[in-house]
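Listed below are the residues making up each chain.
There are 4 protein chains.
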Amino acid sequence: MAGSILGTIFKVSTWGESHGKGIGVVVDGCPAGLNMSEEYIQTYLNRRKPGQTKYSTPRKEDDHVEILSGVFEGRTTGAPISMVVLNQTQRSSDYSEIANYYRPGHADYTFDTKYGFRDYRGGGRSSGRETTARVAAGAIAQAILNSLGIKVSAYTRSIGPITINYEKLNLENIMKSPLYMPDMEASANAEDFLMQKMKESNSVGGVIECVVKGMPVGIGEPVFEKLDANLAKAVMSVGAVKGFEIGDGFKSASMLGEDNNDAFHYENSTLTKETNHAGGILGGMSDGSDIILRAAIKPTPSIARTQNTVNKANENIEVNIKGRHDPIIVPRAVVVIESMVALTLVDMIFQNMYSRLDKIQEFYKK
Amino acid sequence: MAGSILGTIFKVSTWGESHGKGIGVVVDGCPAGLNMSEEYIQTYLNRRKPGQTKYSTPRKEDDHVEILSGVFEGRTTGAPISMVVLNQTQRSSDYSEIANYYRPGHADYTFDTKYGFRDYRGGGRSSGRETTARVAAGAIAQAILNSLGIKVSAYTRSIGPITINYEKLNLENIMKSPLYMPDMEASANAEDFLMQKMKESNSVGGVIECVVKGMPVGIGEPVFEKLDANLAKAVMSVGAVKGFEIGDGFKSASMLGEDNNDAFHYENSTLTKETNHAGGILGGMSDGSDIILRAAIKPTPSIARTQNTVNKANENIEVNIKGRHDPIIVPRAVVVIESMVALTLVDMIFQNMYSRLDKIQEFYKK
Amino acid sequence: MAGSILGTIFKVSTWGESHGKGIGVVVDGCPAGLNMSEEYIQTYLNRRKPGQTKYSTPRKEDDHVEILSGVFEGRTTGAPISMVVLNQTQRSSDYSEIANYYRPGHADYTFDTKYGFRDYRGGGRSSGRETTARVAAGAIAQAILNSLGIKVSAYTRSIGPITINYEKLNLENIMKSPLYMPDMEASANAEDFLMQKMKESNSVGGVIECVVKGMPVGIGEPVFEKLDANLAKAVMSVGAVKGFEIGDGFKSASMLGEDNNDAFHYENSTLTKETNHAGGILGGMSDGSDIILRAAIKPTPSIARTQNTVNKANENIEVNIKGRHDPIIVPRAVVVIESMVALTLVDMIFQNMYSRLDKIQEFYKK
Amino acid sequence: MAGSILGTIFKVSTWGESHGKGIGVVVDGCPAGLNMSEEYIQTYLNRRKPGQTKYSTPRKEDDHVEILSGVFEGRTTGAPISMVVLNQTQRSSDYSEIANYYRPGHADYTFDTKYGFRDYRGGGRSSGRETTARVAAGAIAQAILNSLGIKVSAYTRSIGPITINYEKLNLENIMKSPLYMPDMEASANAEDFLMQKMKESNSVGGVIECVVKGMPVGIGEPVFEKLDANLAKAVMSVGAVKGFEIGDGFKSASMLGEDNNDAFHYENSTLTKETNHAGGILGGMSDGSDIILRAAIKPTPSIARTQNTVNKANENIEVNIKGRHDPIIVPRAVVVIESMVALTLVDMIFQNMYSRLDKIQEFYKK
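Protein chains in written order, with the working numbering: chain W, 1 to 366; chain D, 1 to 366; chain S, 1 to 366; chain F, 1 to 366.
Treat each hint with caution, since some may be false.
As the list claims (entries may be wrong) - To give an idea of the interface, some chain F residues facing chain S are shown, with a C-beta separation under 10 angstroms as derived from the structure: (1) Asn-100; (2) Lys-114; (3) Val-207; (4) Glu-258; (5) Arg-305.
Derived by calculation from the structure, the hints in this document are not laboratory data.
From the three backbone atoms N, C-alpha and C, an ideal C-beta is built for every residue, glycine too.
Extracted from the complex, chain W is given alone in its bound form (with noise of 0.2 angstroms):
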């Protein structure tokens, strides 16, 4: 299970699975001399732990984050920063029944199919409590932007078939969302729509938006190591999305060249574009306006309602999934598409650190 190493310069290393002693990361590539703490760690992981609304799993897990390594005096050193998130309770009780069936829309069947048996205890290494490490790493990513002014934000763009109203976006309302839906209006509505679908035991998707501003012009390196494909891997590889769109996406596959087009044009002395349907990105490369993605998210696969599956002694059996599940992965999800957009932004700014000779020799020059 070669995989949960992510980056070329800036080296995120995860461990750990849901039922085990804990999750955990090691930060790889970070500069020396970020101001770095636990505290501001925790922030990050506060906005994806369960039990923060009647909307997501009332397991009580805490997710206290501890630093093992890399920081010294309040800054980073340079060196490996390795962080830890221990498992407070371990009731794989919970979890034995299911060792023996294939959950639909899980990985159970392709664990044990790759690696001849799995640890079945909530899911093990494919629970989505494995983010809590891409958020943990994703909160230096987001220092380390901050400190070159570019911010990145992500909030819930739909929930089943309620999709916030443009006009009505405002990014600050982010937080104020118990669905980090920054239309309260929309927001509201969802979660009639969600409370609804609790009550039928099912579950809901939605779509996750994430907007970046602050870039620099020419972030990504042509070819195969483009900017919007690395956003894309980065994106598609949190379990539960199943689609990634930059700027227009999809909806660009219908428009027409002159409409889908932005034009240059300078403004008070500075290009900009007209319109920004490219969604920040030209040829792979950032191009200054800001840069919007969108993901789409599965609803959860665990539901309480009776459904088909086969088991280990394949056989046809029927299953009702037990355990506390979220009823939707998508408020929870923020904070990690976010995560997952600050690290590849930053592995991808420090590549283009390369790109001219005359800029490297002033870095160099004595």
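Dock chains D, S and F against chain W, hints included.
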């Protein structure tokens, strides 16, 4: 401009500009013993070369491939396979005008900002001509997949507002449609639509779909190297792609859990799924069903209409882009998307070989 | 401070400082199904822990390893294996004096220049204590190698001027010598030499040799990823190593071709070599003979004698480094070199698995 | 046969066989704005081409390099630079005999075992001719280093038993000696020695030394990506290299700590070291002193004497290898070692650019 190397084990290193001496690729990590010839590679290149139909640029480019290394007596040796397609005409005169302004929807501005200057002839490295190298490498990947019983088929799903009817979809019609659109009725309608928009000097986008049959179960590495995440990156790295979906994609975001889950069942002792909303991937690993993915392609940015833009003297200007441009990229991009999928699958199929100790022991038993 | 991740497929990510909260490592890419326990890892750590003999620092460090993830019911699951050794005492007071000057032969000056400041407590990240993580990961690599019939054995070849007599070399004596020097007579002489130099407050270097038995033929990738090149990097990455040799090494530079070539011959239908000047490697690949390599270790830079150096106030000063330092690194480094060799071999053995199409087809045949 | 790609940021991808169509390399990650021409690259290739003196093979190979991409109007654009040296004669007839047996000291046996068969013409991919690509790429690396005030100089330190006298060493004599041995007296003696061994149909080894002047302090990443570790890998990846040393190397293993430590001191307000036993590297990072390293080269394995070996019919046989072989590899390998050092330095110099947040902020400040 790092970024022209793709892959972890099966590595592809591309080079070349639109109007330079040629386009080429080095494939490193191809196993020994694969039958290979220039004739075989050429069949793939012919699917993307210009001038095939009235819907593509009338430029004549033969795109003749030459293999320079890595093949001995008709078989790959395991050494790097270097392939080159020499450019037959290097008419830089056609393009000198664009040296001084930034075409809307193109990478001129981002290239100039990132590198300080650019090879402006025909778009240089950011030309669609770069994908020639991807297709040559992709042909090798497809040969490996075929030897393992895996078949990758891409085709046009929609052009502007015209979408195939899945009841009339027949993959055997892909090569019969001049638009690689395997519903002949939709294909004819799309031809009409295209002719109309060409008369209006406009351009059109569309959606490419790709189906993979015969995948083993368990390909893809959990967490960051999920199969769908790597497919997303590979597909999004193709110029003009603005969105990526797997399975039901964005549609799944508005579905309910009960409807989106694919029930497992045994049919004649074989484990299958009753539906395939997941598009053949569970937990980032192939589940044995067909893999289904889609790419949204924006309309060609080069149009013969007057457009607003800026020049390098910091002035707002109007431009009329000359030259013989494709009114739509989609049909020629079909084999490019297919190639990117094939390259990704080979790399992930190789990466899966280290998942289980018992299989490694069997591999090395004396 | 990127650089703490090793490996292409079997990846090891280490973290921790000498006087921080602990030292740890995450192993990503370990195949599923390997028997694994803390007790097993501990046996390797015990070989490098301080205070084993009078020839190492009398500091008491228990170096107790804990496995936090990736092992379920006694077997590896394929998920990342996170291991941690908590530091029991964090006596930064011992080291505060060295914060203000640069110890000769240490990395204090280069760290300060590269990062702007450093965690000066006990050398921080550049402490030899960092190798704890290498040994923990190396133990897992050795378990994989053993399961494939491969055995890696490192030992002390020389200490100062005392070198083992190959006629008296017996690998079974490695663990019997307090210096891990498997010629008991040389070992006794080396003990005398060491005691003398310890009395003089000086320190001593030496050479570690490593033998690998049971290697399959053909491991190592031609050109840049040769097996010996990767072994060299892995071994040279250990602090204090100043030279690396394979087979006859530097001696071969003064040999004649006729004497240096190893003649092939068949012995009882088995292809072997009459000699092994090459050290088991031809063209960068294992040739089936024993792999033999050596590492030159410089004397411990921390000595209790007065030395000239500079401080951060740009003054020339004299210093007397206090603390309980090893008079020789060699014996404790034996298991570190062994670990680096094992980690490299596993990674290269995995990389070899996609060399031949027929073997890949066999792996995936249904 | 993965393994033909070198580097993390500044990536070099080589291809080609001894008797195929040519040898080539793609350099990905070269910054834009570097002056570059075929004439410049050619000066480096001329230093390794055969037939320069009576001490190398009399084969005539012009080794004319052509640049196919990445250079526009005399400067690098940031795009991949593809270079090719076409083989002028492809006389496979000379080599057909060796198809059926394994030459001692060569990679024939390991290639056949790893890949199932081999391109036996002139050694195929394992021929020393492969290093042509390294030198072409190395020339670009040297241009980057020169633009930063860094100079890499390799030369012959010893040939068989003849070693330069450091009191007579003058780097300006490197190009004056037909053996690239910058002590003219030693060079003359080595010529005599070589002539004698050539008459005896034997071959000779030697040691190449390389000095780097002008390095910034702090290049190299701690732990696994130490500068000396990467240099070791790069140098050991050259065929026929059997050992690597930095600074005092193996000699330091028998030194005492007091003698091996280099005292820091300020001289005219500049921090220097009184000695340089460390060879310019402390803790895996450059310390500002000259970097000094050595490579041990084995004698050419192809000799005209009768040797014992085996054939593919599993028989013990005697062979007389025909052809025009170098009696010594060392002089032609000097520029190859220099190239590998230069390639490594560029990659590590780039990797160092994200060590400190303040420098990254300065780089991106608007």
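A quick look at each hint next to the structure:
The restraint placing F/Asn-100 at the interface with chain S is violated, with a minimum CB-CB distance near 13 angstroms, outside the 10 angstroms limit. With a least beta-carbon distance of about 3 angstroms to chain S, the hint placing F/Lys-114 at the interface is held under the 10 angstroms criterion. Contact between F/Val-207 and chain S, as hinted, is supported at the beta carbon level, the nearest pair being about 5 angstroms apart and thus within 10 angstroms. The criterion of a C-beta within 10 angstroms of any C-beta in chain S is met by F/Glu-258, whose closest approach is roughly 5 angstroms, and the hint holds.
For the restraint placing F/Arg-305 at the interface with chain S, the shortest Cβ-Cβ distance is roughly 6 angstroms, inside the 10 angstroms limit, so the hint holds.
Going through the hint list in order, the structure does not satisfy hint 1, though it satisfies all others.
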